[in-house]
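Peer 1: Sequence:
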Amino acid sequence: MIEQRAFIGDIHGEIYALNRALEFIEYRKIDRCVFLGDYINRGAHSKDVIERLIEFSGKCECVFIRGNHDQLMIDALTNAGSVGAFLKIGGADTLRSYLKGRKIGPDVFSEMQSLVPESHKQFLESTVRDWGSDSLYATHQGPTDPSRVTILGHKLVDRAVFEKKVIRIDTGCGMTNGKLTVLLAPAFQVNYFSTLP
1 MIEQRAFIGD IHGEIYALNR ALEFIEYRKI DRCVFLGDYI NRGAHSKDVI ERLIEFSGKC
61 ECVFIRGNHD QLMIDALTNA GSVGAFLKIG GADTLRSYLK GRKIGPDVFS EMQSLVPESH
121 KQFLESTVRD WGSDSLYATH QGPTDPSRVT ILGHKLVDRA VFEKKVIRID TGCGMTNGKL
181 TVLLAPAFQV NYFSTLP
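The sequence shown: position 19 = 19 (UniProt numbering), numbered continuously.
No lab work stands behind these hints: they were computed from the structure. Careful, some of the hints might be misleading.
Pairwise CB distance ranges, derived in the manner of DEER restraints [unchecked claim]:
1. PRO106 to GLY132: 43 to 51 Å
2. GLN4 to ARG102: 40 to 48 Å
3. ARG159 to LYS29: 21 to 29 Å
4. PRO143 to GLN189: 36 to 44 Å
Predicted model, so just to flag it, every value in this text is computed and none were measured. All C-beta atoms, glycine included, are put in the ideal place defined by N, C-alpha and C.
Build out the structure end to end from the sequences listed, making use of the hints.
Peer 2: This is how it looks when you write it as structure tokens:
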């Protein structure tokens with residue numbers, strides 16, 4: 001029997017789109033979900049997104065690839081000197097999702113240490129660089145593998161783009177008019193999910 005897989009593009013803190021996508025995946029009885037990274041920043045619900053992904057990983061075999069935004073959060077949680085870079089690329093939105101209306105103190109590094117639950121830190125640390133099978137290769141931003149079809153996030157496209165042996169599925173989730181893309185394989189069926197509540 002051929003394994004049914006779902007590849008999920010960059011989520012960027014958008015819980016409504018993620019919930020719709022996961023309901024769709026559960027209905028389809030997918031064997032393996034490969035998330036392409038960038039779970040946080042931009043959208044208002046980064047904390048909820050990580051919580052939902054942790055919960056969903058108990059229902060389906062999941063691979064969580066690390067995106068550049070995820071790496072910057074890991075860096076900011078372990079090195080006070082990295083906090084500024086994290087905040088500049090949307091980390092302030094992520095922090096607000098953990099603050100739940102409270103104001104952050106002057107020591108952002110210490111605040112992050114106490115605000116982010118250990119389970120979320122472990123989730124981020126457990127993310128991987130890539131995933132592959134005989135015919136498919138998935139990673140956040142490259143490099144590609146010329147011997148297999150490569151599925152990428154990271155580079156913003158309006159709709160899923162099918163290039164020669166490369167499929168790009170970061171369709172702007174977390175941005176105005178963006179959407180979350182789920183690519184089903186082996187059929188290469190593309191599905192889009194709105195970020196609206």
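Peer 1: Each hint needs a verdict: does it hold in this structure or not?
Peer 2: Going down the list of hints, with the structure as the test:
1. PRO106 to GLY132: 43 to 51 Å: Since the Cβ atoms of PRO106 and GLY132 sit about 45 Å apart, the hinted range of 43 to 51 Å holds.
2. GLN4 to ARG102: 40 to 48 Å: holds (43 Å)
3. ARG159 to LYS29: 21 to 29 Å: holds (26 Å)
4. PRO143 to GLN189: 36 to 44 Å: Violated - the Cβ-Cβ distance for PRO143 and GLN189, about 26 Å, lies outside 36 to 44 Å.
When the structure is compared with the earlier hints, a violation turns up for hint 4 alone.
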